[in-house]
Amino acid sequence: MLRFIVHRLIYMVVTLAAVSVVAFVLIQLPPGDYADSYANKRQQAGAPITVQELDEMRIRLGLNRPWYVQYGSWVSGMVLRGDMGYSWEWRRPVVDVIAERLPLTLILAFSTLFFMYAVALPIGIYSAVRQYSFSDHAFSAVGYVGLATPNFLLALILMYLGQKWFGQSVGGLFSLEFQDAPWSWARVKDLAGHLWVPIIVLGSAGTAYLIRTMRAAVLDELNQMYVMAARAGGLSPLHLLFKYPVRMALNPILATLGWRLTYVISGAPIVGVVMSLPDTGPLFLHALLNQDMYLAGAMILVYCALTIIGTFVSDLLLVALDPRIRMEGQT
Amino acid sequence: MVDAAQSKPRRGGRLRRPELATQWQLMWWKFKRHHLALIGMSVLAMLVFLSVFAGFIGPEAPFNRNNKFISGAPMGIHFFDAEGNFHMRPFVYARTTKRDSVTLRKFSVVDESTRWPLRFFVRGASYKFWGLIETDLHLFGAEGGFIHLFGTDTLGRDLFTRTLYATRVSLSVGAVGVTIAFILGAIIGGIAGYFGGMIDNLIMRLIEFIRSIPTLPLWLALSAALPREWTSFQVYLAITMILALTGWTHLARTVRSKLLALREEDFALAARLSGCSDARVIFRHLLPAFMSYMIVDATIAFPEVLLAETSLSFLGLGLREPVESWGVLLYAAQNIRSIAHMPWLLIPGLVVILAVLAFNFVGDGMRDAADPYSK
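In order, the protein sequences belong to chains Y and B. Numbered by numbering that gives the first Met the number 0, the letters in the first sequence go through residues 0 to 330 in order. Numbered by numbering that gives the first Met the number 0, the letters in the second sequence go through residues 0 to 374 in order.
Derived from the structure by calculation, the hints contain no laboratory data. Incorrect hints may have been included.
As the list claims (entries may be wrong) - Derived CB-CB ranges, DEER-like:
{"id": "1", "chain 1": "Y", "residue 1": "Val12", "chain 2": "B", "residue 2": "Asp277", "range": "30 to 40 Å"}
{"id": "2", "chain 1": "B", "residue 1": "Gly195", "chain 2": "Y", "residue 2": "Tyr67", "range": "30 to 40 Å"}
{"id": "3", "chain 1": "Y", "residue 1": "Ala191", "chain 2": "B", "residue 2": "Pro73", "range": "34 to 44 Å"}
{"id": "4", "chain 1": "Y", "residue 1": "Tyr67", "chain 2": "B", "residue 2": "Thr102", "range": "55 to 65 Å"}
Glycine included, each C-beta is placed from N, C-alpha and C at the ideal position.
With these hints in hand, go ahead and build the complete structure from the sequences.
Right, here's the structure in full:
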């Protein structure tokens, strides 16, 4: 057990290191650098920048150094001082910019994850038990459409319907009066009132997928001989259902928790952009478009780290849940 | 041959003989039992047909601006006129342009007194059929006026025609992307599965690594890296490559696991003992045995590529005008104000849903049919 955890931990650190290289290479890929894009902006504003100023800027920002030196100082700063670099666009340390918006992304991601499982598991079990009933077919139909609808399109449709029927914008996460207010109980309640729309948008496809998986898993178990034996033995149907088939069916579902988290994290930016949420989505897109290198790189790293940690957690969960894996290597 | 062993009489008196049928025939029979998959298949066939003949079926040219009908709502086709009289030939009501006396903005009103009858095979805007033959023949059109089934955008361009062209581009991105992913997955998965050991371990770690990176941020970062001055065609190729780059992992896994299982089979050993080369064993003996699973995986990957391309283009980081794809069209519907005034801009999105649904159904049917011997 301990060996397993240590093994996974080492693997996680190695993956994180690899991801940091990838993130850095990705943000180095665009032709030109921030200085170029800054010069471009100044040019358009009618106040062109001189070549000398441009060179000075490069030296000041360290852009003239080879990429591995830049990478080295980036990573060492991150590991040693928790410093992720400086956002030129925001003129503030990257850590501060991200720290401001990351909580909302996390709240959104984890509430969505919770929503997905809370909705999908009961429906999946119900559909399996009442196979081919009207509600089973109805859930399947809704699920198919949910799987096929791109997140942003669902957001657009909900926003349109909200506008049309309620005459209010469902975008954003706070009402006007709470936009810049400090955290308080009332603000939390306001957030909860707004959060359900992005949660549905972000979670619909994943929920549909989970329902299908859960339904199939429970159905598989229901056809096993041991279920028949238990039924013949006189166990009450409900007790039987939750004690054995559901319990067994949960394993593959929880095993993929990490992937579901990856999926939610992956979809979060686009929902954030479309619904103009004050989370990391618009921040990330903006940073990419403006070649705000360290901010974009840090965001990629944060997104990846979240999914890698999520996979780690789901591995642990699986070990806790499935004795067959737990016992492995001990016998 | 499990349950299929009994011959079932078919319509027309022909006997279905499972014991004589080829593997692919068995699969087709099984696939046909999946009604949703058949429906999905016909929807896809229709979409492909529409997009192949986009120039002919669309009544306008994609970039023609109709100055008399800017931001116009979809025009309904009628059989009954305002007085309730029936007309054999369907028609649309005429639209006239008025100017708002205060804002001086032009807007169009429905003129129910004038009918524009619809006709087949009318002459309209000229286009090059498949880039070869210059012609101006269109499948249908309104006599004396114009017809915009899906309405027009803020520049007065016909959304119906543009959706047809966009379907062509989006489906082609999907097809090319899936093909590249297919080839990559087959080669890399094949190497991993056939040679095993160290190489296999390395490749599997690589796949795990790629899968742990959230796809959308990765795609966004990659497409943001494309030079701005690239032509739209270069961007098109690059985006397709980017989507294929992360799509191959699933296929590679399938190929690997099937190869690992099959290379231990007697027939593979027999082939090797008879002196077949590695390549011949793989391509002649092993590959046909799991080809069906690869096709299933490719079908399932297709809608993912479609959705990815649409999302990227929608954010403005994917394809760009003058290339038209579903995402490019939806880019116009990005903010709530334009949707509130022109909800028809979302119609291309409905086409996306339709296409992805159809692909999912076909994928489901194929997954069941991939192993025709199971119940």
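Evaluated hints:
no., hint, in the structure
1, Y:Val12 x B:Asp277: 30 to 40 Å, "holds (37 Å)"
2, B:Gly195 x Y:Tyr67: 30 to 40 Å, "holds (35 Å)"
3, Y:Ala191 x B:Pro73: 34 to 44 Å, "holds (38 Å)"
4, Y:Tyr67 x B:Thr102: 55 to 65 Å, "holds (59 Å)"
The structure fails none of the hints (numbered hints given earlier).
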